[in-house]
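Chain A is fixed; fit chain B onto it per the hints.
So the chains spell out like this:
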Amino acid sequence: MQASLDLLMTVAFWAAALRIATPLIFGVAGAVLCERAGVLNLGIEGIMTAGAMTGWLAVHLGAGLWGGVLVAALTGAGLGLLLAVLTVKLGLSQHVSGLAVTLLATSASYFGYRLALPAAASPPRIEPFRPLDLPVLSDLPVIGPILFQQTALTLLAIAAILALGLFLGRTPLGLAVRAVGENPAAVEAQGIDVHALRLGAVVAGSALMALGGAFLTLSAFNAFFFEMVAGRGWICIALTVFAGWRPMKALLGAVLFGAFDAFQVRLQQALGGLVPGQVFLMLPYLLSIAALLVGARHASAPKALMRPYIRGER
Amino acid sequence: MAGTAAIDGAVDGTRAPRPVALELRGITKRFGPLLANDGIDLTLHRGEILAILGENGAGKTTLMNILFGHYTADAGTVRVADAAGRLVPLPAGRPRAALAAGIGMVHQHFTLAEALTGLDNITLGTEPLWRLRRRIAEARDRLAALMARAGLTVDLAVPVGTLTVGERQRVEILKALYRDAQVLILDEPTAVLTPAESEGLFSVLRALAAQGLAIAFISHKLGEVAAGSDRVAVLRAGRKVAERATAGADRADLAALMVGRAVAPVRRTARPPGPEVLALEGVAVAGPDLRSRLDRADLVVRAGEIVGVAGVAGNGQAALARLLFGLARPRAGTVRLQGRVVTRFDPTEAIRAGIGRIPEDRHREGAVGAMSVAENVAIEEIRGPFQRLGFLRRRAMAARARGAIEAYGIRCPGPDAPIRLLSGGNMQKVIIARALDGAPALIVAAQPTRGLDVGAVAEIHRRLLEARGRGAGIVLISEDLDEVFALSDRIAVMARARLSAALPAETLDRTRLGLMMAGQAAEHGEAQERGQDHARARQPA
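Sequence lines, in order, name chains A and B.
Each number in this note's numbering corresponds to the 1-based position in the first sequence with 32 added.
Each number in this note's numbering corresponds to the 1-based position in the second sequence with 147 added.
No lab work stands behind these hints: they were computed from the structure.
None of the values given here were measured: they were computed from a predicted structure.
Virtual Cβ for every residue (Gly too), placed ideally from N, Cα, C.
Be aware that a few hints might be false.
One side only, chain B facing chain A, incomplete, derived with CB under 7 angstroms [stated by the list, open to error]:
id: 1; residue: ALA262
id: 2; residue: GLY272
id: 3; residue: LEU276
id: 4; residue: LEU404
id: 5; residue: GLY602
Extracted from the complex, chain A is given alone in its bound form:
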């Protein structure tokens, strides 16, 4: 056991934790943005799948890696628009609409994959993002390998969630987003279009979620597999609550989950013979639930979360 705790101190371990956390950081940033605007985006799991698939397909067809990232973001934005029309414009149930988007996006991704590659026996691989080699930064001790020898998407994820924090806290538009999640009537009374604001937040948030999916195919696995998102979207929804809807805590939560996961892999390698592997797979989820129980007790959700706003209705 001592040996397994020692590995928590190694640079390689934390580099792995951050790598594992990257899709979660994108996803949770998107979820926080949507929910702060008052829309629960349960389309996240499907949006991540769609982002993984379209980003990969674009690169496979020769679009270049950043082209793939762009395609994934646009895919996410499009699905976000669909969800926003259903939940914001039409005021339909956010649970049902979100699950519908997840089912639709997941199935459409698999269908699109089969359609594009009817004959492929094994998933075709692409040339993924390479670890960065930045002058000076990448050579720093400890920080260098953990932060600056990652792929560009990991840095983009961290930058995105930090920017989200600044956006919500410091800009007039961010204030409007926070207010619309608390009380849309307050926003309307100040002359800002509630629907446009929520629509924008859901579209942008969904684009971020899709980037989380794209990381899986363009940075981590080099190919698209069925079921590859594997519940990461749902983890992001839980992390959002755990983080009390705050971007900085969400970043912390995602990295913590990544660390649990990395720890689990290493523990499995060390103790694999003694305990069935599934126990280890369970570990990050159990630890996350425990963290949720501790962290989320006092968190208060945006007051207007899941409440559609219909103009002129009191």
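Same frame as chain A, but now just chain B:
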């Protein structure tokens, strides 16, 4: 203020023409078969306060929502004075246009995001949305100046949810002033305020009017219309039926115009009280704050008498009501009901003991909004006459509801209508019908007429006096001193969770009661939450 010079000659009620700030002509709005506004004309001048008086459903709020762009009128025009004083038409249906034209609105249900600070709420939408950084320091300075000018103070650095209702309203007013509002509209501004807070509000409005703002407020309370306005327009059933200068207007006359018939004030006839119905001896209720705490209270209520409990809300009235409703248990002391010591404190026991309960918040505690009128009428007795073999007796419930609808003149589509569709007054009548059913020996009425219009208030007062007449003992918890004096045989005052002795109503007057309400507060003089309001209450009115 550009207009200050212009209005100097027009104060003191002289009819010298003041510049027009806002003009409504022939405003008409229809909701399905209902004609909510029918050809309403109104003119609002700079530097004056106009009261728009009318019962619930008279079309006041619809009119204001049209003005602010929440609704679009079917016919009619709204014109607003521009910077040069020329009247220009206001584009319909756009709140942003109303804001830009200098119209500020304080809604009855505040439009504030409670988790955000006052500063955030006020500056929301006042800066270009694409600006990269908010200019917070500038906003803070401007607001400090505005607060000084309007003569009001409120902490803008804490989340609005932690402020009292009166403070939130001040945030709403600042929101309008921050946008340089020239016209300020307030929808039922005192509905949620204590009497002291209301006084404070009207002094702020006076100060703002003196600086040239045009102010209109909506109300159904004659008292505050008389105290707070220069001119009054009366709306009834969607039409403007009268417009008067407040100074010369007669209250009874205005009431009759508003209701459409003469409203007779209730008469309480002397009546010797009967045996003791309720007795509290040294009863204390534990609670985390003033609102839900009761300190060693003694009270006796006899058959055929009404004991009024006056006081500023949040001073332990809720604890007293919850105790008598069976929702809270005492920490110490004895409660006797018709001579028997109460040992079990739960709602079922209270219902079984025949306590008629009229809770303070009819929406939250008094009724289940999504359920029908019949279900709400029957809900206290679903274990009794309205069930057989575990099944509800729907027909018996509907019959009871029809009886109540007829007896109390409840205006509703029928027993099966969801109760949330009823107006406040009609919903309260359903609750009172339920509470008074079966001739309860004790009736506990908490704020029974809050937010209701004159007609409904008179009806509910009549019902309570009727119950007194047949020998019920009544505890009337109310902030409304007019109500307390109109109904009570004896009056006690609640302040800082303490209940004073109940004194005969004849020996008390408003001033003495005000001193009792404030005096006890001064004794404990912590400048907490309501400190400012108490301070204001102590000043002679």
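Under the constraints set out in the numbered hints, which ones does this structure not fulfil?
4 and 5
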